[in-house]
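Number of protein chains: 2
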Amino acid sequence: MKPQDRLTAEGFLFTDQYQLTMAQLYFRMGLHEKTVLFDHFFRRYPDYGGHQAGYCVSAGLEWLVNWMKHAHCTDRDIDLLRQQTGRAGTRIFSDDFLSWLKRNGNFEAISIRAIPEGRVVHPNVPMTVVEGPIGVAQILETSLLNHLNFQTLIATKAARIYESGQGQLLLEFGLRRGPDCGANAATRAALIGGADYSSNVGISHNLGLFPKGTHAHSMVQLFMALGEGELEAFRAYSEIYPDDCLLLVDTIDTLESGIPNAIKVFEELRRRGHEPIGIRLDSGDLAYLSLHAAKMLNQAGFEDTTIVLSSNLDEMTIWQILTQIREEASRNGLDPENLVKRLAFGVGTRLIVSWGEPALGGVYKLVAVCNEGKWKPAIKISDSPQKTPNPGHKNVWRIYDRRSKANADLLALNDERPDEYKPLLLHHPIQPTKYRSMSEKEISEIEPLLVDVLDEGNLVYNFPELDEIRELRKADVSRLDAGVRRLINPHIYHVSLSQRLWSLKRNLTESAIRPIG
Amino acid sequence: MKPQDRLTAEGFLFTDQYQLTMAQLYFRMGLHEKTVLFDHFFRRYPDYGGHQAGYCVSAGLEWLVNWMKHAHCTDRDIDLLRQQTGRAGTRIFSDDFLSWLKRNGNFEAISIRAIPEGRVVHPNVPMTVVEGPIGVAQILETSLLNHLNFQTLIATKAARIYESGQGQLLLEFGLRRGPDCGANAATRAALIGGADYSSNVGISHNLGLFPKGTHAHSMVQLFMALGEGELEAFRAYSEIYPDDCLLLVDTIDTLESGIPNAIKVFEELRRRGHEPIGIRLDSGDLAYLSLHAAKMLNQAGFEDTTIVLSSNLDEMTIWQILTQIREEASRNGLDPENLVKRLAFGVGTRLIVSWGEPALGGVYKLVAVCNEGKWKPAIKISDSPQKTPNPGHKNVWRIYDRRSKANADLLALNDERPDEYKPLLLHHPIQPTKYRSMSEKEISEIEPLLVDVLDEGNLVYNFPELDEIRELRKADVSRLDAGVRRLINPHIYHVSLSQRLWSLKRNLTESAIRPIG
Numbered sequence: 048m049k050p051q052d053r054l055t056a057e058g059f060l061f062t063d064q065y066q067l068t069m070a071q072l073y074f075r076m077g078l079h080e081k082t083v084l085f086d087h088f089f090r091r092y093p094d095y096g097g098h099q100a101g102y103c104v105s106a107g108l109e110w111l112v113n114w115m116k117h118a119h120c121t122d123r124d125i126d127l128l129r130q131q132t133g134r135a136g137t138r139i140f141s142d143d144f145l146s147w148l149k150r151n152g153n154f155e156a157i158s159i160r161a162i163p164e165g166r167v168v169h170p171n172v173p174m175t176v177v178e179g180p181i182g183v184a185q186i187l188e189t190s191l192l193n194h195l196n197f198q199t200l201i202a203t204k205a206a207r208i209y210e211s212g213q214g215q216l217l218l219e220f221g222l223r224r225g226p227d228c229g230a231n232a233a234t235r236a237a238l239i240g241g242a243d244y245s246s247n248v249g250i251s252h253n254l255g256l257f258p259k260g261t262h263a264h265s266m267v268q269l270f271m272a273l274g275e276g277e278l279e280a281f282r283a284y285s286e287i288y289p290d291d292c293l294l295l296v297d298t299i300d301t302l303e304s305g306i307p308n309a310i311k312v313f314e315e316l317r318r319r320g321h322e323p324i325g326i327r328l329d330s331g332d333l334a335y336l337s338l339h340a341a342k343m344l345n346q347a348g349f350e351d352t353t354i355v356l357s358s359n360l361d362e363m364t365i366w367q368i369l370t371q372i373r374e375e376a377s378r379n380g381l382d383p384e385n386l387v388k389r390l391a392f393g394v395g396t397r398l399i400v401s402w403g404e405p406a407l408g409g410v411y412k413l414v415a416v417c418n419e420g421k422w423k424p425a426i427k428i429s430d431s432p433q434k435t436p437n438p439g440h441k442n443v444w445r446i447y448d449r450r451s452k453a454n455a456d457l458l459a460l461n462d463e464r465p466d467e468y469k470p471l472l473l474h475h476p477i478q479p480t481k482y483r484s485m486s487e488k489e490i491s492e493i494e495p496l497l498v499d500v501l502d503e504g505n506l507v508y509n510f511p512e513l514d515e516i517r518e519l520r521k522a523d524v525s526r527l528d529a530g531v532r533r534l535i536n537p538h539i540y541h542v543s544l545s546q547r548l549w550s551l552k553r554n555l556t557e558s559a560i561r562p563i564g
Numbered sequence: 048m049k050p051q052d053r054l055t056a057e058g059f060l061f062t063d064q065y066q067l068t069m070a071q072l073y074f075r076m077g078l079h080e081k082t083v084l085f086d087h088f089f090r091r092y093p094d095y096g097g098h099q100a101g102y103c104v105s106a107g108l109e110w111l112v113n114w115m116k117h118a119h120c121t122d123r124d125i126d127l128l129r130q131q132t133g134r135a136g137t138r139i140f141s142d143d144f145l146s147w148l149k150r151n152g153n154f155e156a157i158s159i160r161a162i163p164e165g166r167v168v169h170p171n172v173p174m175t176v177v178e179g180p181i182g183v184a185q186i187l188e189t190s191l192l193n194h195l196n197f198q199t200l201i202a203t204k205a206a207r208i209y210e211s212g213q214g215q216l217l218l219e220f221g222l223r224r225g226p227d228c229g230a231n232a233a234t235r236a237a238l239i240g241g242a243d244y245s246s247n248v249g250i251s252h253n254l255g256l257f258p259k260g261t262h263a264h265s266m267v268q269l270f271m272a273l274g275e276g277e278l279e280a281f282r283a284y285s286e287i288y289p290d291d292c293l294l295l296v297d298t299i300d301t302l303e304s305g306i307p308n309a310i311k312v313f314e315e316l317r318r319r320g321h322e323p324i325g326i327r328l329d330s331g332d333l334a335y336l337s338l339h340a341a342k343m344l345n346q347a348g349f350e351d352t353t354i355v356l357s358s359n360l361d362e363m364t365i366w367q368i369l370t371q372i373r374e375e376a377s378r379n380g381l382d383p384e385n386l387v388k389r390l391a392f393g394v395g396t397r398l399i400v401s402w403g404e405p406a407l408g409g410v411y412k413l414v415a416v417c418n419e420g421k422w423k424p425a426i427k428i429s430d431s432p433q434k435t436p437n438p439g440h441k442n443v444w445r446i447y448d449r450r451s452k453a454n455a456d457l458l459a460l461n462d463e464r465p466d467e468y469k470p471l472l473l474h475h476p477i478q479p480t481k482y483r484s485m486s487e488k489e490i491s492e493i494e495p496l497l498v499d500v501l502d503e504g505n506l507v508y509n510f511p512e513l514d515e516i517r518e519l520r521k522a523d524v525s526r527l528d529a530g531v532r533r534l535i536n537p538h539i540y541h542v543s544l545s546q547r548l549w550s551l552k553r554n555l556t557e558s559a560i561r562p563i564g
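In order, the protein sequences belong to chains A and B.
Heads up, the first sequence is in my numbering, so the first residue is 48 and it goes up one at a time.
Heads up, the second sequence is in my numbering, so the first residue is 48 and it goes up one at a time.
Hints are computed from structural coordinates only; laboratory data are not their basis.
A pair holds if it fits inside one copy or across any two, identical chains being indistinguishable in the list.
As a list, the in silico DSS-like pairs of lysine-lysine whose alpha-carbon atoms are at most 30 angstroms apart: (1) Lys-311 / Lys-434; (2) Lys-434 / Lys-452; (3) Lys-149 / Lys-49; (4) Lys-49 / Lys-116; (5) Lys-434 / Lys-342; (6) Lys-469 / Lys-452; (7) Lys-116 / Lys-421; (8) Lys-311 / Lys-81; (9) Lys-311 / Lys-423; (10) Lys-521 / Lys-49; (11) Lys-388 / Lys-342; (12) Lys-423 / Lys-481; (13) Lys-421 / Lys-434; (14) Lys-452 / Lys-481; (15) Lys-469 / Lys-423; (16) Lys-488 / Lys-452.
In isolation and in its complexed conformation, chain A is listed as follows:
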């Protein structure tokens, strides 16, 4: 894209057409300055084709806020909109609206409360609450969803893959299969959710990490085409990177050529006073090859070398590989836990596209309108009660039980203090007669989850560094019940309503449904 085109495509007009037609309608009706509240939330966990996540990891907020800071309606944007005509050949956008948009086409009037990045999040819980004049709050919808849906999706997948790898080093390798420049957002989200490092050079440096990677098959091929072989290729690599020698051993034949050649080069390295890092396996039966590679490396005296596995890995394949290794290690004269501890995982395609569920259906719903100085909750009735959003000005609280495990997220009205309710009633979000009561001694902590991020366009939040975000994620995941962390068929985490929110929702629903006939 030309720089001018990029400004257009990634700036203020990074939105859907209907946001602009609605904004003009509000402008023409004199409604555009009405303050409204939109909740952003997702309705269900990603379902990777038969196995559903038990939690998500929030990500994307800092990039969204950065985008909001820079995006504003430019002269060129106005020119393009001025040229736009409808079916009858007349202009879609009138001059009065466009001159309003020229002055007000930015997000300086928007306030945002949000659940910080790295935190564990659950369905129907507002992750982001947007307050502002409906004209611009409406236009914001598309970009907000774009930024938060995607990074939350990828951070969640990364958290699952990290969980399956049981804390072993996880490398993100997906740039080549990633979605154009969106791959950088994916890398960041993967690093938030569970990847330790990435191969993606530029974004890693931006985030303060060194990118990781050694060599590809093509290096070995080049040496072969020049009349030399795998051994010479490995030797060259070990000479140039004596302290970072990790060799890809499957270009010709892993067990017959790659590992024996790697061992020769490792021995030469050691004689020169350096220790190798290890090998990478990128094809074939990775469980079987790991066992045999470990045996061969051990016999040669390289018990401490790392074995990096890559090739279409995800949480299911890693889990399967670890299970098989644990079952077969002893039979091969290996200590299973020792072998597991020397593994690392390079995960590409299946992380960067969230294989199995490549989209998160986050939505942005009008929940309140301020009319003549008074907030009025808004509702949208749906065929399925699950899809009816929770109305009104709300806060979100996380309830921890006596073991300090997160027990439920509670949605309450803005002026409620659930920490003062004794006992605390947690109402089922849909079923009228279902609720649960927690006594004071059953609760170790009640934590508000939303933080102030933007106050009428002003940043009132210090965005944490990547490391801090990852610590938040690790702490939150460790405070989940083991059943919720399970990869398959996880225990369902409770998201409940306060008694007052429940009553408000029921009353609004009943008054919105007109009797039929």
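With the hints as your guide, set chain B onto chain A.
For chain B alone, coordinates are given in the frame of chain A:
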């Protein structure tokens, strides 16, 4: 991202770490200026979970070449790489390599031949052939794959969805579920592959199209929260957009509220001298609702209004909806083909993420090395013969049969002229004894598919406009056999080798495999 961070993350360092470590190795070995040839191709059609594509649509080339033109190693890039250390705390990249990279870190030495965007493409056929010094040709790999894999993936999905919609208007609505800024690339690819228009404002304008969209549920909700109703919301819309009035009718109840209110407003519009466009259905049973909406609109005298369907559509759901409408229309007193002709499809999530198969596994393989002025073909042996790339300097030809249908793609060596072979032998790519012969009269045309795009960094190709690319796609799809176009279980299109290429591949494979033991 800050502008400086963006330059880093989307510029020359939009690559994998191992490309840089290999480049340094080549530099230190004095190999970095060796001219090599890399083929880019994909190995199999996307498989959307049980139903596989019969063809792909090439996309992404113009954006790749644009990226190559602007990407160069900046001072900041060099600084970042200089700071990078390995396990022993010493620098990964040495000063001599970095000063070479500072001077040569760009793509001015690269030549590219490629199959143009919009053309139908098949597995194992080189879509892009890169020639240049291995140092930079290696670094290019990641970004090339990123740009071409993603847009080809989305263009292919769009072509399938267009096919399922039987030529009815197709609107791309996916920005909110798209991958960060990569969503713009997806919109472009969707417009190449089959979407007529998109809701994405900025990129549509860049591509010379007007974005499409009308209003969301939130507009109706706002009116309700202000004490008015759906009818007043519709009326407001029709007053502001009298010639572009398309109403979303499912905020409250489609058949009981939305359509009756839309009809009232349409009647008012008509009295004021305007004709409505129609309605949009965004939830529920879209086949059932289409039939009933059509009946209600017809009875009110709005037979020509459009019915836009949206909500989790893809090629399978559209096919199913059209099938059901055709079966049930007459029973409802409607002409099935009339009803189909008034439908349009708004496709969001499932197009923008290529639901079912969210990645295309395009690869970039070394196929030849120029050593002392002589080209030597390179080979990589794989466990499965399907994965062994076709070696050497090649051309690609498309063979059309007497009906002018594409019959096969033929890979031949660079100096071969298949149009001079009579008869033409088409060798099976793997099986040694399988080939087919076509006589002169069985062939109507033999078309070379690769065009020159870059000649040592200089653009020697006029990138066609979006409209021209779409015409290429339509022409190519129309020249496919109906069996290949089928959505489910398509006929397998032949990709064959020339006799000489087949012999070369066999000889190289045999000489690369060392006897074991």
